[in-house]
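Engineer: One line per chain: the protein sequences are U and W, in this order. Heads up, the first sequence is in the working numbering, so the first residue is 1 and it goes up one at a time. Heads up, the second sequence is in the working numbering, so the first residue is 1 and it goes up one at a time.
Just so you know, these hints were derived from the structure itself, not from any lab. Positions of the beta carbon are idealized from the N, C-alpha and C atoms, including for glycine. Please note that the accuracy of each hint is not assured.
Stated by the list, open to error - Taking lysine to aspartate or glutamate and the EDC-like style, the derived pairs with C-alpha atoms no more than 16 angstroms apart in a straight line are:
#1 K25(U) x D144(U)
#2 K444(W) x E351(W)
#3 K107(W) x E422(U)
#4 K94(U) x D144(U)
#5 K157(W) x E422(U)
#6 K157(W) x D297(W)
#7 K454(W) x D362(W)
#8 K423(U) x E351(W)
#9 K392(U) x E259(U)
As the list claims (entries may be wrong) - Simulated restraints on C-beta separations:
#10 G55(W) x L450(U): 39 to 47 angstroms
#11 F358(U) x K366(W): 17 to 25 angstroms
#12 L45(U) x K157(W): 48 to 56 angstroms
#13 N104(W) x S32(U): 34 to 42 angstroms
#14 I431(U) x E360(W): 28 to 36 angstroms
#15 K157(W) x M153(U): 44 to 52 angstroms
#16 H190(W) x F358(U): 54 to 62 angstroms
#17 E3(U) x M1(W): 58 to 66 angstroms
#18 P357(U) x M1(W): 33 to 41 angstroms
#19 A462(W) x E425(U): 46 to 54 angstroms
#20 I431(U) x S155(W): 47 to 55 angstroms
#21 H190(W) x T179(U): 33 to 41 angstroms
#22 T183(U) x E63(W): 47 to 55 angstroms
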Amino acid sequence: MIETLTLMKPELIITFIIFLLLFIKIGKGVKSETMLLLIQVLLLLNFITGFIFNSEGNLFDGMYQTTAMMALQKNILSLGIYLISLLFASWFKKSEHMLEFFILMLSALLGMFFLISSGNLLMFFLALELATIPVAAMANFDLDKKVSSEAAMKMILSSAFSSGILLFGISLIYGATGTISFTELPLYLDGSPLQILAFLFLFTAFAFKLSIVPFHLWTADVYEGSPIAVTSFLSVISKGAVTFIFISTLYKVFQPINEVWYNMIMILSIASMVIGNLFALRQQNIKRFIAFSSIAQVGFILVGISSNSAQGISSVVYFILIYIFSNLAAFGVASAISSQTGKENINDYKGLYQTNPFLSLVLVLALFSLAGIPPTAGFFGKLFLLTAGASKGSYLFITIAALNMIISLYYYLRIVRAVFMEKNEQPIEKIEIDLSAKLALTICAAGIVLIGLLSWTYDYIQSLS
Amino acid sequence: MNITLLILLPLLTAIVILLMQNATQVKWVSMMGATLQFVLAFVLLFSFYKERQLGNTSQMLFELKYNWFPSWNISFHFGVDGISVAMIMLTAFVVIAGVLVSWNVTKMTKEFYFLLILLSMGAYGFFISLDLFILFFFLEIAVIPKYLLIGIWGSGKKEYSANKLALMLMGGSALVLVGLLGVYFSASIHSFDLITLSLLHIPIQTQLICFPLLFVGFGVFTALFPFHTWVPDGHSSAPTAGSMFLAGISMKLGGYGCLRVATYIMPEGAKEYASIIILLSVIAILYGAFATMMQKDLKYINAYSSVSHCGFVILGIGMLTKTSIIGSVMQMVSHGLMTALFFAVIGMIYERTHTRQVSEMDGLLKRMPFISTVLFIVGLCSLGLPGLSGFIAEMTIFMGSWQHPDTFRRVATILACLSIVVTAVYILRAVTKISMGPLKDEFKNLTDATWNEKLAALILIAGILAIGVAPFWFNDLVSPGAEIIMQKISPITIGIK
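Here chain U stands alone, though its shape is the one from the complex (with noise of 0.2 angstroms):
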């Protein structure tokens, strides 16, 4: 019993979390501004707590299971709720249904540790749809538009879709090798034609839920169509969490397969860059922008995977941990502008240096790690995937990939020259950002500039992978 709780520690504060507020939602009359601050408060603390008391070992067969790397993917997604909830403080006051929003997102995050956790396909299944079934009703929050609906819409008839899939490949893996167990499957696979079927769909569902080109075209008008607090928890905490669990299935589970893996990630990969940083460069509503360029940085999240290696993994958790500071931070700005202005295009960002500097520094930070420009961490987190991915040789790839950050940087540095070159007849007034907000962004803003310069961090990461 005890051993169930130290283990399972991080759920169960999660469960928690989520029962409290909705004994609180019985309770009502609490005011929106203390309510914020105390899931604040409840988040800040569940992220603390995830630094002490962690242990490794295995619970219900291996069926949850749990070591130090994986508690530290845990406390990175509690980091990036933690941030969320601070930095769209002035959109969840204003919301209604503020609690309710929480308890999905939380439902999602809760759903998402199960997931790393997993230790057998059935628990994965069941865990990726906790992890996302919330958050199509999340999308759907901005309850007067009608895009936040559509997008919604579209969210779950392609997760359902990938659901299906995925089932599909999970059924055959079943018939293939006789088990679920992730420590049993490397046993049994030997790369036979209808083993490889079944990793295909598996495969193909996870590239679903990660927006890889060609499963990507949902990605673009769910993260337009959503509120941006629900477009910077999908193309943040989902996608890490997704990534993790991928990156160890891969590692672990599909080992005995890696040569029919390693190619598949190549070209994915290789498309994902081409099509997500080409498909950016048209566009002109922030929001989409950042879709498409976070499905270029899948693409390089996807190389640093290719190297089926201990420095794969770290490389690939650190470029979450930047990737979730530095877009985090992007967001947090559109958030503050367009929320107070409405404004969501490119084009108004013109001059916004000289009403807003905080923003625009916070914003061209963001985007310089996001392109990964030293100093910032996107640097540091984009060459170490690089890296990683080279180990195995490939000199094409790893050239296509070097040349597509050239691309990306071209339509980064176009938000910087509408920030600080272009002038605007009506630039946009200056914007008065909550406290929380700016709390929020002084922290992301601090951590990419820090995550790269000190190098513990990553040597931390490898210690555990």
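Keeping the supplied structure of chain U fixed, place chain W upon it in accordance with the hints.
Structural biologist: This is chain W only, laid out in the frame that chain U set:
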């Protein structure tokens, strides 16, 4: 001395600049920072000489090593030899002159100086790094300040130029990155350390793939034909100090990288591709010179002539003799000083006449004797007048190139020599047109250089004269470094008598 000061000092200056309240304070802080850099560079030079005189013959002096990302075998490894010291001196000269020249910047002063100082930090870091990862880090750090300097404070089609510059330079550094990763993984010890790598033998197949990647990657920075197209646009759109930094420092990063990284750790690759490098450099020299003849805008004249002059740097490296390599380092320093001075003068003229078209200017010598004299000096240096640095550098390169007995290299040398004639034509034509002849009415009220402009010009002229009149000290400084690079090459170089 502790050479990390070269990085920490600009960093500190940049941070203090951010804390300043008004433009005057910002200017004086930057001025103080630049002066300290200048002093530091001289301290470095003299302590370097002292160490050498004391008989310290180790390849790199003042070495320092701190671990950074130990799991990738990356460390802050710094150290200097004669070549790096020469480049650091160049940087210090250009930085102080650049700060002096931009005394009148009024638009976003704080940001302007912040970026200038940041750029200088990138350059110093690049020149003292002995770890290729750190070297790459500083190479990329230096790109974005240039982009912003051109895009915000530039003139003309500045956004286009800034974009072109940033993308081409980043493209170059992407190639460098792939090359570095190739070297990293094919060496028997996975390491980014320059000294370690130079002792290991990189497999010849890797050299054949990675040498062109690294050389072209760095070559983009130093206007290697056909990747020189960012140079004219970038230089002509940049603000005065931006052009000075761009041509004086940033283009030298590429030349230094070609020599120190590509050629040094992959000598067989260098040997294999030498003829292509020579061909490209001769094209750049001639094409740059002829293209300059057609230009009417002063900044374009200097930008295209930079393409031509940087071609000599590449030619010297491609020839792979000790003399030519010394010459190419000299050419880097000489061109850095000269072109910075040229851009400074162009900036001074433009600020007064509000035109850069040669045809619209006449007889400026009468109203602006100081500026016009400087213009003459820099023009003469550019066309290679003995006594100024340009002559020494180009002469050394030709001497080194002529040591090869084979026809191809001799023809290439002769063709490169011919460009001097073309240079004389365009320089003399432009300089004469601007300073001689009757003075136009609208230029009657022009004033001569102010104290800061005079100081900047004098500092740079002092550098040019120091190399031009007494080249032996420079030769002594650089030749041990070149010797070490040649030791790697000479066992495989055949045919030199």
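Engineer: For each hint, tell me whether it holds in the structure or not.
Structural biologist: Tested hints:
Restraint check for K25(U) and D144(U): not satisfied, since their Cα atoms lie roughly 22 angstroms apart, outside the 16 angstroms limit. Annotation: proposed proximity of K444(W) to E351(W) holds, straight-line Cα distance about 15 angstroms (limit 16 angstroms). Using a Cα cut-off of 16 angstroms, the hinted pair K107(W) and E422(U) holds, with the two alpha carbons roughly 14 angstroms apart. For the proposed pair K94(U) and D144(U), the alpha carbon gap of about 13 angstroms is at most 16 angstroms, so the pair holds.
Proximity of K157(W) to E422(U) is assessed by CA-CA distance (about 12 angstroms); at most 16 angstroms being required, the pair is judged to hold. Straight-line distance between C-alpha atoms of K157(W) and D297(W) comes to about 14 angstroms, which keeps the hinted pair within the 16 angstroms bound. For the hint linking K454(W) to D362(W), the alpha-carbon distance of about 22 angstroms lies beyond 16 angstroms, and the restraint is violated. Pair hint K423(U) plus E351(W) does not hold up; C-alpha atoms about 23 angstroms apart against a cutoff of 16 angstroms.
Simply put, K392(U) and E259(U) have alpha-carbon atoms about 11 angstroms apart, close enough for the 16 angstroms limit, and the pair holds. Evaluation of the 39 to 47 angstroms hint for G55(W) and L450(U) yields a pass: the beta carbon distance comes to about 44 angstroms. At about 51 angstroms, the beta-carbon gap between F358(U) and K366(W) misses the expected band of 17 to 25 angstroms. With their beta carbons about 54 angstroms apart, L45(U) and K157(W) fall inside the hinted range of 48 to 56 angstroms.
Distance hint check for N104(W) and S32(U): the Cβ-Cβ separation is about 53 angstroms, which falls outside the suggested range of 34 to 42 angstroms. The hinted range of 28 to 36 angstroms is not satisfied by I431(U) and E360(W), whose Cβ atoms lie roughly 46 angstroms apart. Checked against the hint of 44 to 52 angstroms, the pair K157(W) and M153(U) passes, with Cβ atoms roughly 46 angstroms apart. Taking the beta carbon of each, H190(W) and F358(U) are about 42 angstroms apart, not inside 54 to 62 angstroms as hinted.
In this structure the supplied range 58 to 66 angstroms holds for E3(U) paired with M1(W), their Cβ-Cβ distance being about 59 angstroms. Between P357(U) and M1(W) the CB atoms are about 38 angstroms apart, so this pair conforms to the stated range of 33 to 41 angstroms. For A462(W) paired with E425(U), a C-beta distance near 49 angstroms keeps the hint of 46 to 54 angstroms intact. The hinted range of 47 to 55 angstroms is not satisfied by I431(U) and S155(W), whose Cβ atoms lie roughly 31 angstroms apart.
The beta-carbon spacing between H190(W) and T179(U), approximately 38 angstroms, falls within the hinted interval of 33 to 41 angstroms. In this structure the hint that T183(U) and E63(W) lie 47 to 55 angstroms apart at CB holds, the actual value being about 50 angstroms.
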